[in-house]
Amino acid sequence: MEYFGRLQRGRGGARALFAGEGPASYRIASAVPGRIRVQFASSPTGDADGPLRACAERVGALPEVRATRVSPDARSLIVQYDPRRLTLAAMTGQVAALAAASVPPAPPALIQWAARLVRRIPGQTETIRARDMPTEKPRGLKGLLLPTVAVALAATEAIPLAISGAALAVATIPIYQRAAKGLGKRQLTVDELDLANVALLAVEGSFLPAAGMTWLIALGEWIRGGTVRRARGAARAVPAGETLMDAPLSNTHLQDNAARAGNASSLPLFALGVAYALNSRDVGDFIDVIKPRNDFESAQRLAVPVPVLGGLAREARRGRSVPNGAALERLADASGRASDEARRALTVAKQNTSVAAGASALNLALALLDLSPPPLSNAVNAAAIAAIAANSRRALPPP
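Residue numbers (our numbering): 1 to 399.
Since the hints were derived computationally from the structure, they do not count as laboratory data. Just so we're clear, the structure is a prediction, and the values are computed from it rather than from any experiment. Treat the hints loosely; a few may be bogus.
Said to hold, decoys possible - Label-pair distances were calculated between CB atoms; the ranges are: (1) Ala261 <-> Val170: 36 to 44 Å; (2) Asp73 <-> Arg229: 18 to 26 Å; (3) Val203 <-> Asn257: 33 to 41 Å; (4) Ala169 <-> Pro268: 30 to 38 Å; (5) Ala166 <-> Arg320: 50 to 58 Å; (6) Ser321 <-> Ala61: 30 to 38 Å; (7) Lys185 <-> Ala158: 18 to 26 Å; (8) Asp73 <-> Arg320: 52 to 60 Å.
Idealized CB from N, CA, C, for every residue including glycine.
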(Lines of atoms letter the chains of each structure in order from A; the text may use other names.)
(Lines give C-alpha, C1' and ligand atoms only; values in the text may rest on other atoms or scores of the structure.)
Protein backbone atom coordinates (compact mmCIF):
# COMPACT_ATOMS: atom_id res chain seq x y z
CA MET A 1 0.00 0.00 0.00
CA GLU A 2 2.96 2.32 -0.54
CA TYR A 3 1.07 4.29 -3.17
CA PHE A 4 -1.24 6.02 -0.71
CA GLY A 5 0.97 6.36 2.35
CA ARG A 6 1.57 4.88 5.74
CA LEU A 7 -1.62 4.19 7.72
CA GLN A 8 -2.21 4.52 11.42
CA ARG A 9 -4.63 1.95 12.83
CA GLY A 10 -7.15 2.77 15.49
CA ARG A 11 -10.84 2.54 16.33
CA GLY A 12 -11.67 0.36 13.37
CA GLY A 13 -10.22 2.63 10.73
CA ALA A 14 -7.10 4.20 9.28
CA ARG A 15 -5.75 7.69 8.68
CA ALA A 16 -3.06 8.77 6.23
CA LEU A 17 0.06 10.39 7.65
CA PHE A 18 1.53 11.88 4.50
CA ALA A 19 0.38 13.00 1.06
CA GLY A 20 1.32 11.46 -2.22
CA GLU A 21 3.65 13.20 -4.62
CA GLY A 22 2.47 15.09 -7.69
CA PRO A 23 1.40 18.46 -9.03
CA ALA A 24 -1.94 18.07 -7.27
CA SER A 25 -0.91 15.56 -4.56
CA TYR A 26 -3.56 13.55 -2.77
CA ARG A 27 -3.86 11.67 0.48
CA ILE A 28 -6.25 9.20 2.02
CA ALA A 29 -7.42 11.52 4.80
CA SER A 30 -9.47 8.87 6.58
CA ALA A 31 -10.62 5.31 5.97
CA VAL A 32 -13.13 3.26 7.95
CA PRO A 33 -15.16 0.26 6.78
CA GLY A 34 -17.80 1.61 4.42
CA ARG A 35 -16.35 5.13 4.09
CA ILE A 36 -13.13 6.60 2.66
CA ARG A 37 -12.16 10.27 2.29
CA VAL A 38 -9.56 11.40 -0.27
CA GLN A 39 -8.15 14.92 -0.14
CA PHE A 40 -6.29 16.72 -2.93
CA ALA A 41 -3.82 19.55 -2.40
CA SER A 42 -3.66 22.63 -4.63
CA SER A 43 -1.71 22.17 -7.84
CA PRO A 44 0.94 24.64 -9.11
CA THR A 45 -1.69 26.06 -11.44
CA GLY A 46 -4.04 26.61 -8.49
CA ASP A 47 -6.57 23.98 -9.55
CA ALA A 48 -7.30 20.81 -7.57
CA ASP A 49 -10.88 20.72 -8.82
CA GLY A 50 -9.99 18.93 -12.08
CA PRO A 51 -8.27 15.91 -10.45
CA LEU A 52 -10.98 15.86 -7.76
CA ARG A 53 -13.81 15.61 -10.32
CA ALA A 54 -11.90 13.07 -12.42
CA CYS A 55 -11.31 10.90 -9.36
CA ALA A 56 -15.00 11.12 -8.41
CA GLU A 57 -16.04 9.86 -11.85
CA ARG A 58 -13.58 6.97 -11.81
CA VAL A 59 -14.35 5.89 -8.25
CA GLY A 60 -18.09 6.23 -8.83
CA ALA A 61 -17.87 3.65 -11.61
CA LEU A 62 -16.63 0.93 -9.24
CA PRO A 63 -19.33 -1.70 -8.59
CA GLU A 64 -18.67 -1.72 -4.84
CA VAL A 65 -19.27 2.04 -4.48
CA ARG A 66 -22.69 3.12 -3.22
CA ALA A 67 -22.22 6.90 -3.44
CA THR A 68 -19.60 9.62 -3.84
CA ARG A 69 -19.73 13.19 -2.59
CA VAL A 70 -17.41 15.99 -3.70
CA SER A 71 -16.57 18.84 -1.32
CA PRO A 72 -14.80 21.54 -3.41
CA ASP A 73 -14.07 23.79 -0.42
CA ALA A 74 -12.21 21.01 1.39
CA ARG A 75 -10.87 19.58 -1.91
CA SER A 76 -12.15 16.20 -0.70
CA LEU A 77 -13.95 13.19 -2.13
CA ILE A 78 -16.03 11.07 0.25
CA VAL A 79 -16.59 7.50 -0.96
CA GLN A 80 -19.27 5.27 0.53
CA TYR A 81 -18.99 1.58 -0.38
CA ASP A 82 -20.36 -1.81 0.64
CA PRO A 83 -17.86 -3.23 3.20
CA ARG A 84 -19.34 -6.70 2.72
CA ARG A 85 -18.13 -6.86 -0.87
CA LEU A 86 -14.56 -5.64 -0.33
CA THR A 87 -12.14 -5.30 2.58
CA LEU A 88 -11.05 -1.87 3.78
CA ALA A 89 -7.47 -2.40 2.62
CA ALA A 90 -8.51 -3.55 -0.86
CA MET A 91 -10.99 -0.72 -1.32
CA THR A 92 -8.52 1.88 -0.06
CA GLY A 93 -5.95 0.55 -2.50
CA GLN A 94 -8.36 0.88 -5.42
CA VAL A 95 -9.38 4.41 -4.43
CA ALA A 96 -5.75 5.47 -3.96
CA ALA A 97 -4.77 4.03 -7.34
CA LEU A 98 -7.60 5.90 -9.07
CA ALA A 99 -6.68 9.11 -7.22
CA ALA A 100 -3.09 8.78 -8.41
CA ALA A 101 -4.31 8.19 -11.98
CA SER A 102 -6.43 11.35 -11.76
CA VAL A 103 -3.45 13.58 -10.96
CA PRO A 104 -1.98 15.12 -14.15
CA PRO A 105 1.77 14.91 -14.78
CA ALA A 106 3.85 17.74 -13.35
CA PRO A 107 4.51 20.59 -15.82
CA PRO A 108 8.08 21.81 -16.38
CA ALA A 109 9.59 23.78 -13.50
CA LEU A 110 9.53 27.07 -15.45
CA ILE A 111 5.81 26.72 -16.17
CA GLN A 112 5.16 25.88 -12.52
CA TRP A 113 6.98 29.04 -11.48
CA ALA A 114 5.12 31.16 -14.03
CA ALA A 115 1.76 29.79 -12.92
CA ARG A 116 2.54 30.51 -9.27
CA LEU A 117 3.61 34.03 -10.21
CA VAL A 118 0.64 34.93 -12.39
CA ARG A 119 -2.20 33.51 -10.34
CA ARG A 120 -3.68 36.01 -7.92
CA ILE A 121 -4.48 33.84 -4.92
CA PRO A 122 -3.78 30.18 -4.16
CA GLY A 123 -6.75 27.95 -4.85
CA GLN A 124 -8.86 30.62 -6.52
CA THR A 125 -12.08 28.70 -5.97
CA GLU A 126 -11.60 28.94 -2.22
CA THR A 127 -14.57 30.13 -0.19
CA ILE A 128 -15.15 33.84 0.31
CA ARG A 129 -16.94 34.33 3.61
CA ALA A 130 -19.09 37.29 4.54
CA ARG A 131 -17.47 37.53 7.96
CA ASP A 132 -14.16 38.33 6.21
CA MET A 133 -15.67 41.37 4.51
CA PRO A 134 -14.77 44.80 5.99
CA THR A 135 -17.05 46.06 8.75
CA GLU A 136 -15.53 49.44 9.58
CA LYS A 137 -17.64 52.51 9.06
CA PRO A 138 -17.38 54.07 5.57
CA ARG A 139 -14.70 56.76 5.49
CA GLY A 140 -16.59 58.81 2.93
CA LEU A 141 -14.39 60.41 0.31
CA LYS A 142 -11.32 60.72 2.56
CA GLY A 143 -9.56 58.01 0.58
CA LEU A 144 -9.74 60.22 -2.52
CA LEU A 145 -8.26 63.29 -0.79
CA LEU A 146 -4.54 62.54 -1.19
CA PRO A 147 -4.84 61.31 -4.81
CA THR A 148 -6.82 64.46 -5.65
CA VAL A 149 -4.09 66.65 -4.12
CA ALA A 150 -1.45 64.69 -6.05
CA VAL A 151 -3.34 65.23 -9.33
CA ALA A 152 -3.73 68.96 -8.63
CA LEU A 153 -0.04 69.42 -7.81
CA ALA A 154 1.10 67.37 -10.82
CA ALA A 155 -1.14 69.43 -13.12
CA THR A 156 0.32 72.73 -11.85
CA GLU A 157 3.53 73.51 -13.70
CA ALA A 158 4.61 76.10 -11.13
CA ILE A 159 4.90 73.44 -8.41
CA PRO A 160 8.44 72.00 -8.08
CA LEU A 161 8.80 68.39 -9.15
CA ALA A 162 10.06 67.43 -5.70
CA ILE A 163 6.77 68.50 -4.12
CA SER A 164 4.69 66.79 -6.82
CA GLY A 165 6.74 63.62 -6.41
CA ALA A 166 6.37 63.67 -2.62
CA ALA A 167 2.59 64.10 -2.90
CA LEU A 168 2.44 61.23 -5.39
CA ALA A 169 4.49 59.00 -3.08
CA VAL A 170 2.15 59.70 -0.14
CA ALA A 171 -0.94 59.08 -2.30
CA THR A 172 0.53 55.73 -3.38
CA ILE A 173 0.94 54.43 0.21
CA PRO A 174 -2.44 52.57 0.26
CA ILE A 175 -1.52 50.83 -3.01
CA TYR A 176 1.88 49.90 -1.60
CA GLN A 177 0.30 48.50 1.58
CA ARG A 178 -2.02 46.24 -0.41
CA ALA A 179 0.80 45.21 -2.76
CA ALA A 180 3.02 44.34 0.21
CA LYS A 181 0.45 41.78 1.37
CA GLY A 182 0.62 40.02 -1.99
CA LEU A 183 4.42 40.12 -2.00
CA GLY A 184 4.43 38.62 1.49
CA LYS A 185 2.41 35.69 0.14
CA ARG A 186 4.50 35.46 -3.06
CA GLN A 187 1.49 36.25 -5.24
CA LEU A 188 1.18 38.59 -8.20
CA THR A 189 -1.81 40.83 -7.48
CA VAL A 190 -3.43 43.71 -9.33
CA ASP A 191 -2.11 46.05 -6.62
CA GLU A 192 1.48 45.04 -7.37
CA LEU A 193 0.92 45.68 -11.07
CA ASP A 194 -0.65 49.07 -10.32
CA LEU A 195 2.26 49.97 -8.05
CA ALA A 196 4.76 48.96 -10.76
CA ASN A 197 2.90 51.08 -13.32
CA VAL A 198 2.87 54.13 -11.04
CA ALA A 199 6.57 53.67 -10.29
CA LEU A 200 7.47 53.37 -14.00
CA LEU A 201 5.52 56.53 -14.85
CA ALA A 202 7.12 58.41 -11.94
CA VAL A 203 10.63 57.36 -13.00
CA GLU A 204 9.86 58.63 -16.50
CA GLY A 205 8.76 61.96 -14.99
CA SER A 206 5.11 61.48 -16.00
CA PHE A 207 3.70 62.60 -12.66
CA LEU A 208 0.27 63.62 -13.95
CA PRO A 209 -0.62 60.20 -15.48
CA ALA A 210 0.77 58.48 -12.37
CA ALA A 211 -1.32 60.69 -10.07
CA GLY A 212 -4.35 60.07 -12.28
CA MET A 213 -3.83 56.33 -11.82
CA THR A 214 -3.75 56.65 -8.03
CA TRP A 215 -7.00 58.66 -8.13
CA LEU A 216 -8.78 56.09 -10.31
CA ILE A 217 -7.54 53.22 -8.13
CA ALA A 218 -8.76 55.01 -5.00
CA LEU A 219 -12.13 55.61 -6.66
CA GLY A 220 -12.51 51.91 -7.45
CA GLU A 221 -11.60 50.91 -3.89
CA TRP A 222 -14.08 53.42 -2.46
CA ILE A 223 -16.90 52.06 -4.63
CA ARG A 224 -15.97 48.46 -3.83
CA GLY A 225 -15.74 49.09 -0.08
CA GLY A 226 -19.09 50.87 0.09
CA THR A 227 -20.85 48.09 -1.82
CA VAL A 228 -19.42 45.32 0.37
CA ARG A 229 -20.34 47.18 3.57
CA ARG A 230 -23.89 47.69 2.31
CA ALA A 231 -24.18 43.98 1.48
CA ARG A 232 -22.94 42.87 4.87
CA GLY A 233 -25.19 45.37 6.61
CA ALA A 234 -28.18 43.93 4.74
CA ALA A 235 -27.30 40.44 5.97
CA ARG A 236 -26.91 41.58 9.57
CA ALA A 237 -30.35 43.17 9.45
CA VAL A 238 -32.12 39.81 9.18
CA PRO A 239 -32.62 37.35 12.05
CA ALA A 240 -30.41 34.76 10.34
CA GLY A 241 -27.73 37.34 9.67
CA GLU A 242 -25.10 35.74 11.86
CA THR A 243 -25.65 32.43 10.08
CA LEU A 244 -25.17 34.19 6.76
CA MET A 245 -21.89 35.60 8.01
CA ASP A 246 -20.44 32.09 7.79
CA ALA A 247 -22.08 31.18 4.49
CA PRO A 248 -19.67 30.31 1.64
CA LEU A 249 -20.51 33.08 -0.81
CA SER A 250 -18.41 31.95 -3.75
CA ASN A 251 -19.36 28.27 -3.62
CA THR A 252 -21.11 28.58 -6.99
CA HIS A 253 -20.54 27.16 -10.45
CA LEU A 254 -20.38 30.73 -11.74
CA GLN A 255 -17.43 31.67 -9.52
CA ASP A 256 -15.70 28.32 -10.01
CA ASN A 257 -16.01 28.48 -13.81
CA ALA A 258 -14.63 32.02 -13.83
CA ALA A 259 -11.69 30.89 -11.70
CA ARG A 260 -10.97 27.97 -14.04
CA ALA A 261 -11.08 30.31 -17.04
CA GLY A 262 -8.66 32.61 -15.25
CA ASN A 263 -6.32 29.70 -14.50
CA ALA A 264 -6.41 28.62 -18.14
CA SER A 265 -5.47 32.14 -19.30
CA SER A 266 -2.55 32.56 -16.90
CA LEU A 267 0.26 30.96 -18.86
CA PRO A 268 -0.75 32.22 -22.36
CA LEU A 269 -1.00 35.80 -21.06
CA PHE A 270 2.29 35.44 -19.20
CA ALA A 271 4.03 34.23 -22.37
CA LEU A 272 2.38 36.96 -24.46
CA GLY A 273 3.45 39.63 -21.97
CA VAL A 274 7.04 38.38 -22.01
CA ALA A 275 7.05 38.39 -25.83
CA TYR A 276 5.76 41.97 -25.98
CA ALA A 277 8.28 43.15 -23.38
CA LEU A 278 11.19 41.49 -25.21
CA ASN A 279 10.08 43.00 -28.51
CA SER A 280 9.71 46.55 -27.18
CA ARG A 281 12.32 46.30 -24.41
CA ASP A 282 9.76 47.90 -22.11
CA VAL A 283 8.61 46.09 -18.97
CA GLY A 284 5.50 48.28 -19.03
CA ASP A 285 4.22 46.25 -21.99
CA PHE A 286 4.43 43.08 -19.89
CA ILE A 287 2.36 44.75 -17.15
CA ASP A 288 -0.22 46.06 -19.65
CA VAL A 289 -0.80 42.57 -21.10
CA ILE A 290 -1.14 40.56 -17.88
CA LYS A 291 -2.92 43.24 -15.80
CA PRO A 292 -6.40 42.81 -17.41
CA ARG A 293 -6.57 39.24 -16.14
CA ASN A 294 -5.81 40.40 -12.59
CA ASP A 295 -8.32 43.23 -12.96
CA PHE A 296 -10.95 40.61 -13.82
CA GLU A 297 -10.13 38.56 -10.72
CA SER A 298 -10.30 41.70 -8.58
CA ALA A 299 -13.72 42.67 -9.94
CA GLN A 300 -14.95 39.07 -9.71
CA ARG A 301 -14.52 39.12 -5.94
CA LEU A 302 -17.24 41.78 -5.90
CA ALA A 303 -19.27 40.53 -8.88
CA VAL A 304 -20.50 37.22 -7.40
CA PRO A 305 -20.27 37.37 -3.56
CA VAL A 306 -22.35 40.55 -3.16
CA PRO A 307 -25.39 39.35 -5.19
CA VAL A 308 -25.15 35.91 -3.57
CA LEU A 309 -25.09 37.47 -0.11
CA GLY A 310 -28.09 39.59 -1.11
CA GLY A 311 -29.94 36.47 -2.26
CA LEU A 312 -29.17 34.64 1.00
CA ALA A 313 -30.38 37.65 3.01
CA ARG A 314 -33.62 37.91 1.01
CA GLU A 315 -34.29 34.19 1.50
CA ALA A 316 -33.60 34.54 5.24
CA ARG A 317 -36.16 37.35 5.46
CA ARG A 318 -38.70 34.97 3.98
CA GLY A 319 -37.88 32.41 6.64
CA ARG A 320 -35.96 30.06 4.32
CA SER A 321 -32.49 28.95 5.37
CA VAL A 322 -30.20 28.69 2.34
CA PRO A 323 -26.74 27.57 3.54
CA ASN A 324 -24.50 28.74 0.69
CA GLY A 325 -24.18 29.92 -2.89
CA ALA A 326 -24.42 26.41 -4.34
CA ALA A 327 -27.75 25.87 -2.58
CA LEU A 328 -28.92 29.24 -3.92
CA GLU A 329 -28.09 28.04 -7.44
CA ARG A 330 -30.11 24.87 -6.92
CA LEU A 331 -33.02 26.94 -5.64
CA ALA A 332 -32.78 29.21 -8.69
CA ASP A 333 -33.13 26.15 -10.94
CA ALA A 334 -36.36 25.12 -9.23
CA SER A 335 -39.71 26.13 -10.67
CA GLY A 336 -42.27 28.40 -9.04
CA ARG A 337 -42.32 31.82 -7.45
CA ALA A 338 -40.43 30.57 -4.40
CA SER A 339 -37.22 30.69 -6.41
CA ASP A 340 -37.68 34.20 -7.87
CA GLU A 341 -35.31 35.87 -5.38
CA ALA A 342 -32.62 33.25 -5.99
CA ARG A 343 -32.95 33.66 -9.76
CA ARG A 344 -32.65 37.42 -9.43
CA ALA A 345 -29.45 37.13 -7.38
CA LEU A 346 -27.85 34.69 -9.83
CA THR A 347 -28.92 36.81 -12.82
CA VAL A 348 -27.25 39.85 -11.27
CA ALA A 349 -24.11 37.80 -10.57
CA LYS A 350 -23.96 36.62 -14.20
CA GLN A 351 -24.40 40.18 -15.47
CA ASN A 352 -21.64 41.36 -13.14
CA THR A 353 -19.29 38.65 -14.39
CA SER A 354 -20.01 39.66 -17.99
CA VAL A 355 -19.15 43.28 -17.16
CA ALA A 356 -15.89 42.23 -15.48
CA ALA A 357 -14.95 39.96 -18.40
CA GLY A 358 -15.85 42.65 -20.95
CA ALA A 359 -13.69 45.26 -19.23
CA SER A 360 -10.81 42.79 -19.03
CA ALA A 361 -11.14 41.91 -22.74
CA LEU A 362 -11.30 45.62 -23.69
CA ASN A 363 -8.17 46.42 -21.72
CA LEU A 364 -6.32 43.47 -23.25
CA ALA A 365 -7.36 44.53 -26.76
CA LEU A 366 -6.24 48.11 -26.11
CA ALA A 367 -2.91 46.87 -24.76
CA LEU A 368 -2.29 44.63 -27.78
CA LEU A 369 -3.15 47.54 -30.10
CA ASP A 370 -0.82 49.79 -28.10
CA LEU A 371 -3.73 52.16 -27.38
CA SER A 372 -3.90 51.74 -23.63
CA PRO A 373 -1.94 54.18 -21.47
CA PRO A 374 -2.07 53.01 -17.82
CA PRO A 375 -4.61 55.65 -16.66
CA LEU A 376 -7.03 54.55 -19.41
CA SER A 377 -6.79 50.93 -18.26
CA ASN A 378 -7.57 51.96 -14.70
CA ALA A 379 -10.44 54.15 -15.88
CA VAL A 380 -12.00 51.15 -17.65
CA ASN A 381 -11.56 49.03 -14.52
CA ALA A 382 -13.03 51.72 -12.23
CA ALA A 383 -16.02 52.07 -14.56
CA ALA A 384 -16.54 48.29 -14.50
CA ILE A 385 -16.43 48.22 -10.69
CA ALA A 386 -18.91 51.12 -10.54
CA ALA A 387 -21.27 49.29 -12.92
CA ILE A 388 -20.96 46.06 -10.92
CA ALA A 389 -21.63 47.90 -7.66
CA ALA A 390 -24.71 49.65 -9.06
CA ASN A 391 -26.07 46.43 -10.54
CA SER A 392 -25.43 44.47 -7.33
CA ARG A 393 -27.79 46.72 -5.40
CA ARG A 394 -30.68 45.10 -7.28
CA ALA A 395 -29.96 41.84 -5.46
CA LEU A 396 -29.69 43.37 -1.98
CA PRO A 397 -32.79 43.42 0.23
CA PRO A 398 -34.37 46.82 0.90
CA PRO A 399 -33.31 48.56 4.14
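Checked hints:
no.	hint	verdict
1	Ala261 <-> Val170: 36 to 44 Å	holds (38 Å)
2	Asp73 <-> Arg229: 18 to 26 Å	holds (25 Å)
3	Val203 <-> Asn257: 33 to 41 Å	holds (40 Å)
4	Ala169 <-> Pro268: 30 to 38 Å	holds (35 Å)
5	Ala166 <-> Arg320: 50 to 58 Å	holds (56 Å)
6	Ser321 <-> Ala61: 30 to 38 Å	holds (35 Å)
7	Lys185 <-> Ala158: 18 to 26 Å	violated (43 Å)
8	Asp73 <-> Arg320: 52 to 60 Å	violated (22 Å)
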